[in-house]
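Chemist: Starting from the known structure of chain D, arrange chain H on it as the hints suggest.
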Amino acid sequence: KQEVTQIPAALSVPEGENLVLNCSFTDSAIYNLQWFRQDPGKGLTSLLLIQSSQREQTSGRLNASLDKSSGRSTLYIAASQPGDSATYLCAVRPLYSGGGADGLTFGKGTHLIIQP
Amino acid sequence: EAGVTQSPTHLIKTRGQQATLRCSPISGHTSVYWYQQALGLGLQFLLWYDEGEERNRGNFPPRFSGRQFPNYSSELNVNALELEDSALYLCASSLSGYEQYFGPGTRLTVT
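First to last, the protein sequences are chains D and H.
Counting in the numbering used here, the first sequence runs from 10 upward without gaps.
Counting in the numbering used here, the second sequence runs from 12 upward without gaps.
Derived list of chain H stretches under chain D, where covered just means 3 residues or more per stretch with a C-beta under 8 Å from a C-beta of chain D:
no.	stretch
1	46-57
2	66-77
3	111-119
Bear in mind the hints are in silico, worked out from the structure with no lab data behind them.
Glycine included, every Cβ here is placed at the ideal spot set by N, Cα and C.
In isolation and in its complexed conformation, chain D is listed as follows (with noise of 0.2 Å):
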């Protein structure tokens, strides 16, 4: 069973700082991994997606790497800015189908604070 962990599971830094965010996951065959971001009690944003052959994508500020071999992901955000400030969301969708394996598997996301 594919489990996604992300740490740190909260994160406050000053405006202007460079993060990076973590994700890692047991299974390596996977289909894509994606991020998103969630603000309070609202839906998901999606931030960047990666297919498996592929090792990283660029959206303006935001950074996302994959390793697949070694099950992991990372989120890097340049110049935070205070709007950044959500939870982000690691999510992977599985190579093979079947046993319920066709959703995305979610992390628990990192709470971001970005103080200004």
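Modeler: Just chain H, lined up with the frame of chain D:
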């Protein structure tokens, strides 16, 4: 382009009743996924519909069911509601298993 929409925003039900939640995918998307986000448990996969068929379900009892209509919109039904069904229910849509886009969710409260 309109995103994924869900209705209602909030739903309050009594234990033992049935709840019906609705989801409209992004135009052109054929897959709809349902997830439950209960306090302290994180997001858990519930159901996957594609082209009108249930393709897979997560580890939830049969009283969680649903369907997908010809226009690809979807309905999630929860029968015999229990207190622990109180959660945010999120719907997502995608094209053939690619990137999933999520709706704003329905907050279900069971009293």
